[in-house]
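So the sequence shown is numbered by full-length UniProt numbering: it starts at 1 and just counts up by one.
Certain hints may be false.
Claimed, not checked - The list that follows gives simulated cross-link-like pairs (lysine to any residue, SDA-like), each with its CA atoms no further than 25 angstroms apart:
(1) Lys149 to Gly337
(2) Lys297 to Lys26
(3) Lys333 to Pro50
(4) Lys290 to Ser185
(5) Lys312 to Leu335
(6) Lys58 to Ala80
(7) Lys290 to Gln29
(8) Lys75 to Lys333
(9) Lys333 to Val153
(10) Lys149 to Pro365
(11) Lys105 to Pro365
(12) Lys381 to Met295
(13) Lys226 to Gln260
(14) Lys105 to Leu257
(15) Lys333 to Lys297
(16) Lys79 to Ala60
(17) Lys381 to Ala346
(18) Lys351 to Gln29
(19) Lys105 to Ala12
(20) Lys261 to Ala243
(21) Lys75 to Ser267
(22) Lys58 to Gly272
(23) Lys55 to Asn330
(24) Lys26 to Asn330
(25) Lys338 to Ser314
(26) Lys332 to Lys55
(27) Lys381 to Lys261
(28) Lys79 to Ala59
(29) Lys261 to Ala60
(30) Lys75 to Arg287
(31) Lys84 to Leu258
(32) Lys333 to Ala60
(33) Lys75 to Asp46
(34) Lys58 to Thr69
(35) Lys75 to Leu349
(36) Lys333 to Arg391
(37) Lys290 to Ile200
Said to hold, decoys possible - Now the in silico label distances, taken between C-beta atoms and shown as ranges:
(38) Glu96 to Leu292: 22 to 30 angstroms
(39) Asn3 to Ala94: 49 to 57 angstroms
(40) Ser271 to Pro184: 35 to 43 angstroms
If you are wondering where the hints come from, they were derived from the structure by calculation, not from laboratory data. Don't be surprised by glycine CBs; every beta carbon is placed ideally from N, CA and C.
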Amino acid sequence: MKNQEELLSYRAKFLEPSPMLSLNDKAKQLKEQGVDIVNLTAGEPDGRTPWSIGKAAKAALDLGLTHYTPPGGVKELRKAIAGKLRRVNHIPAAWEEVVVGVGAKQVLSAVFQLLCEPGDEVLIPTPAWGTFIEQARLADATPVLMPLKQPFVLDAETVHRNLTNRTKILIVNTPSNPTGSVIPSEELKAIAGILRGRPIHILADEVYEQFIYDELSHTSIASLSKETRQQTITVNSFSKTYAMTGWRVGYAHTTPLLAQKLSALNSLTTSGTCSIAQYGALEAITRTPKELERMTKQYEKRRNLVLEQLGKISLLSAVPPKGAFYVFINIKKALNGKETSAQWCARLLEKKGVAVVPGEAFAFPGFMRISFAANRGQLRKGLQRIREFLREE
């Protein structure tokens with residue numbers, strides 16, 4: 001009999017777990033062992049899911065709404081999402097064009113599976129959330145990485161330079177994970193103009209749309225024109241905006257045909273999203289803008305704290321993020337050509353108990369990402385330990 005590895009598919013042989021989740025798990029394990037850990041890896045809000053969302057989910061449970069839902073999501077939630085897309089994102093969405101999934105990750109995976117064939121290319125600006133790269137590979141596509149220069153804002157010239165007759169998808173992630181960059185409306189228009197008339201899909205990850213700072217605003221690329229909307233799959237999630245990472249509810253807005261195919265794929269894979277979680281999400285999406293604005297202001301204050309503390313560390317530098325809740329920090333001076341950023345971050349965890357994500361996880365070595373979704377006390381402690389770590393080098 002063949003050994004176990006030989007029995008695996010070629011996809012399984014290159015498959016590795018998400019580095020972000022792995023690092024987060026490692027930090028939690030060390031904490032459970034009694035180690036004083038400052039965990040700055042987590043891409044999730046530190047607060048609890050708002051009480052009213054849990055109450056709505058419990059009410060659904062008490063009403064017995066615990067059976068299969070349509071694979072594309074319950075109609076009430078899809079209608080509410082379509083309303084939000086029209087009202088907030090200025091995308092003229094019909095509820096039939098909305099598909100609910102088990103978090104944005106599952107939705108993204110389904111999109112790649114439905115659109116990609118061997119030989120297709122997916123354009124991915126880097127630094128990039130590593131999931132884009134691995135999901136493209138799992139769908140037999142070829143990830144084409146487009147390294148960006150600071151301040152890490154995707155531009156039309158970079159897109160145009162990387163287009164080929166094999167390009168199938170362009171990833172547009174604004175605000176960006178891990179850099180927090182926000183693509184201005186005019187640049188999005190230029191990107192859309194380059195792609196107009198081409199058989200290319202725009203995969204717009206807008207999970208961090210709520211978290212925009214410095215009085216900037218978010219523009220959904222699908223709102224720019226009818227033609228661009230027909231090229232775009234807009235993906236979003238309840239995880240970050242409403243502190244619902246464990247509920248696993250995400251959604252896509254796309255063309256009626258692709259929405260039907262996404263629902264069909266859901267019917268064959270997940271059978272649909274947890275009914276109770278969907279009713280919690282329905283409550284979440286009706287929450288008032290003022291509540292969300294308070295959360296955004298809180299994150300902006302934390303961002304400012306991190307930038308202030310980083311300014312005191314001469315070996316580190318960062319472009320101030322305009323959105324999301326991460327700072328992507330240049331650590332090349334600290335590395336001094338002696339080790340990789342992954343090795344440096346591993347030593348930081350071992351010696352000082354500070355967990356961060358190395359740039360390798362985003363196809364961009366020489367950097368590290370810290371999350372300011374952690375509370376202010378943890379942020380201060382973590383940055384102080386990083387200063388001590390560098391002084392002791």
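Name the hints, by number, that the structure is in violation of. 2, 3, 7, 8, 15, 20, 23, 26, 27, 29, 32, 33, 35 and 37
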